[in-house]
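For chain E, the structure is supplied; the task is to place chain D on it using the hints.
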Amino acid sequence: MILTIAHKELRSLLQMPSTWFILAALQFIFAWFFISWLGEFMQMQSQWSEVLNSPGATNSVSQLLFGKFGAFNFILMMLTPIFTMRLIAEERRNQTLSLLMAAPIGCKEIVLGKYTGMLLFLALIILSSIGMILTLSFGTPLDYGLLLSNISGLILLASTYTAIGLLFSTLASQPVMAATATLATLFGLWLLDASGSSTSPLLKALSPTAHFQSFNNGLLQSQDIAWFLLCTAVSLLLAIRRMHNARIYGS
Amino acid sequence: MSEQITLNALNLTRRLGRREVIRNVSLKLRRGEVLGLLGSNGAGKSTTMQLLAGVLVPHAGQIEICGHDMGKDAISAKSCIGYLPETPPLYKDMRVDDFLTYAAKLHRIARNGIAAALVAAKQKCGLADTGQRIIGTLSKGYQQRVGIAQAIIHQPEVIILDEPTVGLDPAQIRDIRTLIRELGNAHSVILSTHLLGEVESICDRVEIMQRGQLIYGDTSVRMQSLGHQAGFIVTLQSPPDTSKLYHVSGVVNVEALSDKRFRILHNYDSNTAEELLATAAREGWQAQQLTPLKGNLEDAFVQITQGSDTEREHP
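Going down the list, the sequences are from chains E and D. Mind the numbering: the first sequence is residues 0 to 250 in numbering that gives the first Met the number 0, read in order. Mind the numbering: the second sequence is residues 0 to 314 in numbering that gives the first Met the number 0, read in order.
Next up, chain E with everything else stripped away, as it sits in the complex (with noise of 0.2 Å):
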């Protein structure tokens, strides 16, 4: 049921021309940030050779694409949002939500359905930008363990930004207040990771960013991956918790 829930979300969006357009113009700007610290590398690349330990082409690139202040990281914080809204949002302005709820489905289906068919989407966007950096194997040798793990640090960061997103979904009764809400809390996370060091490490623990760090530099450390669970976890339980009081209360 939670796979009938995702294939319909997923074809939904991908049955809209603006998806496509969306996703052609992401593909574009990757291309432009990618070609652009190509040449910034190639550059680099005849003084780094002479120091030892310097950062090869996998590294330099993934740093720079999908790092803390790379392109990557702001268009899937500005991109969630607009995908996440729709969600529960805009099925409860259309009144299709009745469809769901006088279904033989409970509230925890809707949701990871709806968690499901995003993050698969998400996912599609997130490999095609790895396709880009794969294009570069025809010239150099690649790190591919660096790209893998930098591949389940995006997912875990675009799994625990959609279930924030769904989250706020579920709360707003317009798609554009839960489109907003969603953007006010992904920036403000990341400011407290991007601010520097005048803010507090432990307030700095709360930033997906900088959860992503590790996974950046190819590092795969279990209490990251554990923040990025246990953020997902607690969203979609408080999303589920949500639909199930829309029908005690009212929406």
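Read the hints as simulated data drawn from the structure, not as lab findings. This structure is a prediction, so every number in the text was calculated from the model and none was measured. The beta-carbon is built from N, C-alpha and C at its ideal position, and this holds for glycine as well. Don't take each hint at face value.
[Said to hold, decoys possible] Think about it this way: if two alpha-carbon atoms lie no more than 30 Å apart in a straight line, the pair counts; the simulated DSBU-like pairs of lysine-lysine are:
#	chain 1	residue 1	chain 2	residue 2
1	D	K123	D	K91
2	E	K67	E	K203
3	D	K91	E	K107
4	D	K123	E	K107
5	D	K104	E	K107
[Stated by the list, open to error] Among chain E residues calculated to face chain D with C-beta under 7 Å, some are:
#	residue
6	T3
7	S97
8	M100
9	A101
10	P103
11	K107
12	S148
13	S151
Just chain D now, with coordinates in the frame of chain E:
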């Protein structure tokens, strides 16, 4: 009781803040029965329907669908229900076939049974040719049909339709009513409406709701005769003095509608119409037209809802 009871709701109560919007509503539905839930706007019809469909949870009371308790085993109970809300829950950008397939999957129809269920539901609702159309491009009547098809695709025991004919043109209303009547033969149907004609033409039984309570419940035929005063309207080309009309046996009241038209009310058991015509012929009143007054639900409805503003007359 010989017929099987498919839906049994006991003392449903739902509050909105401190106000009770539904108070002690109890309903029973047998297989093959069409029940009309009547009431003015804001009487609590839609909320009751949502409670029965499991979209909302009652704050007190119990709902049992085909022996499954809605509170304890919601999944099994909901599998026996088809629900069409006031606004049909349609994804406007989907094709009819895709949408109905999705609805079939949500209602746990086995994968190999979906195609057959789809064909059957479309055929019943007159959607056979519209499978590839996008729902948003369909007319309101057809969208309503898709909504009904969605509710019956899994062959539920109980079908709950919230104002299924609102906003349709007369031809579409007739089609949908025929469809509901057909559905009523094999399933149990609950239908909410504020159109009294609808109740008259398709419902076996009527429950009237007011301010969140059921105030009257009976068969629709018996409700029609409620408060019905026998009488007729007669046109007399050369009418006599009204006092003369009172001399005809059985006449209770005479009201002059114009110089020549009179509304005459009489006792149930007397044969006043015939007698009046005979007298008219004898006296040369030149009777032209005689239309019997028909008892209608509207009068009965107004009488019931006004008569029991606070007290509850439901048995």
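* So, P103(E) near chain D? Judge it on the closest CB pair being under 7 Å. => holds (4 Å)
* Quick one, is the A101(E) hint okay against chain D at 7 Å, beta carbons? -> The hint holds - A101(E) has a Cβ within 7 Å of chain D, the shortest such distance being about 4 Å.
* Asked: Is the straight-line distance between the alpha-carbon of K67(E) and that of K203(E) 30 Å or less?
  -> holds (13 Å)
* **Interface restraint verdict for S151(E) against chain D (beta-carbon cut-off 7 Å)** => Violated, about 31 Å.
* Asked: Taking only the CA atoms, is the gap from K123(D) to K91(D) under or equal to 30 Å?
  -> Holds, because 21 Å separates the two Cα atoms, which is no more than 30 Å.
* Asked: Within 30 Å, alpha carbon to alpha carbon, are K91(D) and K107(E)?
  -> Between K91(D) and K107(E) the Cα gap is close to 25 Å, so the pair holds against 30 Å.
* Asked: Is the straight-line distance between the alpha-carbon of K123(D) and that of K107(E) 30 Å or less?
  -> violated (33 Å)
* Asked: Would the stated hint for S97(E) survive a check requiring a Cβ distance to chain D of less than 7 Å?
  -> Holds, because the Cβ-Cβ distance from S97(E) to chain D comes to roughly 5 Å (cut-off 7 Å).
* Interface restraint verdict for K107(E) against chain D (beta-carbon cut-off 7 Å) -> violated (11 Å)
* For the hint on T3(E), just tell me whether its beta-carbon gets within less than 7 Å of chain D. => holds (5 Å)
* Does the interface hint hold: is S148(E) within less than 7 Å of chain D, judged Cβ to Cβ? -> Since the shortest Cβ distance to chain D is 37 Å, the answer is violated.
* To do: Against chain D, run the beta carbon of M100(E) and see if the smallest gap drops under 7 Å.
  => Hint holds; M100(E) Cβ to chain D Cβ min 4 Å, cut 7 Å.
Of the numbered hints given earlier, the model fails hints 4, 11, 12 and 13; all others are met.
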